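Engineer: Those sequence lines, one after another, are chains A and B. Everything in the first sequence is counted per my numbering, starting at 1 for the first residue and increasing by one. Everything in the second sequence is counted per my numbering, starting at 1 for the first residue and increasing by one.
Hints are computed from structural coordinates only; laboratory data are not their basis. Please read all numbers here as calculations on a predicted model, not as lab measurements. Among these hints, one or two may not hold up.
Covered stretches of chain A (in silico footprint by chain B; criterion: 3 or more residues with CB under 8 angstroms from a CB of chain B, positions within the stretch not fixed) [stated by the list, open to error]:
{"#": "1", "region": "21 to 35"}
{"#": "2", "region": "98 to 105"}
{"#": "3", "region": "117 to 126"}
{"#": "4", "region": "156 to 168"}
Computed list of chain A residues with no C-beta within reach of chain B, every gap over 10 angstroms [what the hints assert, rightly or not]:
{"#": "5", "residue": "Glu61"}
{"#": "6", "residue": "Ala64"}
{"#": "7", "residue": "Val150"}
{"#": "8", "residue": "Leu174"}
{"#": "9", "residue": "Glu182"}
Every residue gets a Cβ at the ideal spot worked out from N, C-alpha and C, and that includes glycine.
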Amino acid sequence: MEDERIIALFESRSTDAVDEASRQYGTYCRTVAYNILLSEEDSEECLNDALLRTWNSIPPEHPASLKAYLGRITRNLAIDRFRRKNAEKRSSDTVSLPIDELADLVPSGLNIESDIDAAELKEKLNGFIGSLEREKRIIFVQRYWYMLSVEELARKHHMSKSKIKMQLLRTRSLLREYLTKEGYL
Amino acid sequence: MKQDLMEMIDDKYILEAEPNEQIKSGKRKFRISAAAAAIAACTGLMALTAAAVVHYNSRPSTEEYYNSKTDRIIESQGLKINEKSYNSHFEVTLESVLADDYSFKIFLTARPLDAKGKEYVEQATSTMFPDLHLKTLKENGDEVRLGTGIRARAVDDSLAILVTGVRSKELKDALPDNKMYMAIYSEESNLLESIVFCADINPNLETRCVTSKDGIKIYASPIGFALIGKDQQTTEKAVKSTFFTWKEGGRERFLDSIGITAEQDKKYSSKNRGVEWNYLILGEYYSKDMNYGVGGGGVCFYTEGYAGDPTPEELEKGIRRGYGEYVMTVDFGCVVDINDTTGIVYGNETIPY
Numbered sequence: 001m002e003d004e005r006i007i008a009l010f011e012s013r014s015t016d017a018v019d020e021a022s023r024q025y026g027t028y029c030r031t032v033a034y035n036i037l038l039s040e041e042d043s044e045e046c047l048n049d050a051l052l053r054t055w056n057s058i059p060p061e062h063p064a065s066l067k068a069y070l071g072r073i074t075r076n077l078a079i080d081r082f083r084r085k086n087a088e089k090r091s092s093d094t095v096s097l098p099i100d101e102l103a104d105l106v107p108s109g110l111n112i113e114s115d116i117d118a119a120e121l122k123e124k125l126n127g128f129i130g131s132l133e134r135e136k137r138i139i140f141v142q143r144y145w146y147m148l149s150v151e152e153l154a155r156k157h158h159m160s161k162s163k164i165k166m167q168l169l170r171t172r173s174l175l176r177e178y179l180t181k182e183g184y185l
Numbered sequence: 001m002k003q004d005l006m007e008m009i010d011d012k013y014i015l016e017a018e019p020n021e022q023i024k025s026g027k028r029k030f031r032i033s034a035a036a037a038a039i040a041a042c043t044g045l046m047a048l049t050a051a052a053v054v055h056y057n058s059r060p061s062t063e064e065y066y067n068s069k070t071d072r073i074i075e076s077q078g079l080k081i082n083e084k085s086y087n088s089h090f091e092v093t094l095e096s097v098l099a100d101d102y103s104f105k106i107f108l109t110a111r112p113l114d115a116k117g118k119e120y121v122e123q124a125t126s127t128m129f130p131d132l133h134l135k136t137l138k139e140n141g142d143e144v145r146l147g148t149g150i151r152a153r154a155v156d157d158s159l160a161i162l163v164t165g166v167r168s169k170e171l172k173d174a175l176p177d178n179k180m181y182m183a184i185y186s187e188e189s190n191l192l193e194s195i196v197f198c199a200d201i202n203p204n205l206e207t208r209c210v211t212s213k214d215g216i217k218i219y220a221s222p223i224g225f226a227l228i229g230k231d232q233q234t235t236e237k238a239v240k241s242t243f244f245t246w247k248e249g250g251r252e253r254f255l256d257s258i259g260i261t262a263e264q265d266k267k268y269s270s271k272n273r274g275v276e277w278n279y280l281i282l283g284e285y286y287s288k289d290m291n292y293g294v295g296g297g298g299v300c301f302y303t304e305g306y307a308g309d310p311t312p313e314e315l316e317k318g319i320r321r322g323y324g325e326y327v328m329t330v331d332f333g334c335v336v337d338i339n340d341t342t343g344i345v346y347g348n349e350t351i352p353y
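Construct the entire structure; sequences and hints are all you get.
Structural biologist: Put into structure tokens, the structure is as follows:
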């Protein structure tokens, strides 16, 4: 079913919208959540929460891509859940996510979600990502958006783990240089 | 709180990098063979053995999604089917099929037969949307995507299930005899595995089909009506300018069927025109304890078949995929006597039957 049709169902407040969104993108969202949480049960709960959040946000929201929209919500919920669970463990061994490797690339004092300057940074970041070679870009996004492990990336892209690690390191370094040049770091 | 730089990346890069292998939660996936579908087709639906008979107090799904009054109407019109199919965990009853010339609704109830089934239903009561999906099949067991929707609700000790669909070109091509084989499954468990049943979706409701001067087709039946629009704008405009004309007392009988008082009717009819009024009174009706009932309708864009996900470039340019049509649908939320309506007003045109 096309995105527009499912969005129209949300907008007409038909609960078919949730069924259709789940049928169409449930597996995708579970995968997004599972890559972060490594728990089927938690991933399922994230999916349910994401559907409910979508039900509450469309309308007024009208996303261009429902798949990406649901994926973003699921990912954010999964990250929150991961952080919460990790904090509850009170363990001295902190468990991190791949995105933590990018933590020092977020300009200090900038609130990504609300600052006006964030819009400009967003444009620059997407410009940078768009300038990468296609495979490098996909590996970068699969690592830091989909949170795939280095092992999975190596298998998917038929490369050694060390080559994947090296490539990610280079892309991060390039991004750091770029953001420094643009005055963000 | 750690900030996430990747929140900022564009949709097109997210979609481009989607990993192909996806995690499908649940240990076992639903599988159906051609043989299983054929067996179900040949044997019909087997009777339960005496030892397995369990008595339930749960309401049929027709009553759950409509109300007891409408359930009695469905029964009195000979539209109850009550065919059963089962495995060792669940008994699924095909309660009724309500089908007009444009759309259909299939009502099912799944009742647990053992402790595992019962546990599944108990767990489902804690979620707003139980994990149930539908596979539609041809007679030979091949899966066919027909754009049908399924909703389920855990009530008391059973699952009330509603399957909805429209007679798309794809459906007509795939099911020329209107026999739709179906299997309900859960991605979380295999408890409903191997239950296959067949619904006859040949029209069993009197349908009026009229065409406006500018070629807009409107189908009206006891369960609701559908207007096939030309484009999004025209179809959305039709929301405010399309309504039924009723025989004397017909409108009151309809309102009585869904428990809307004259006062409530006045509140909405004084301010809202066309089917907007229908949507609002249904909202009022469903807000009582119906949990959305059979739904209200709305303006949708239907494509013939699955058109595929758009590429990032198509997304950026807002290009639609596949041939489709805009449709405005209205559910009555009950079963009305279509003879209580005399015609339809669309825009400035009154179209009698």
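Engineer: If you test the structure against every hint from before, which numbers come out violated?
Structural biologist: 4 and 6
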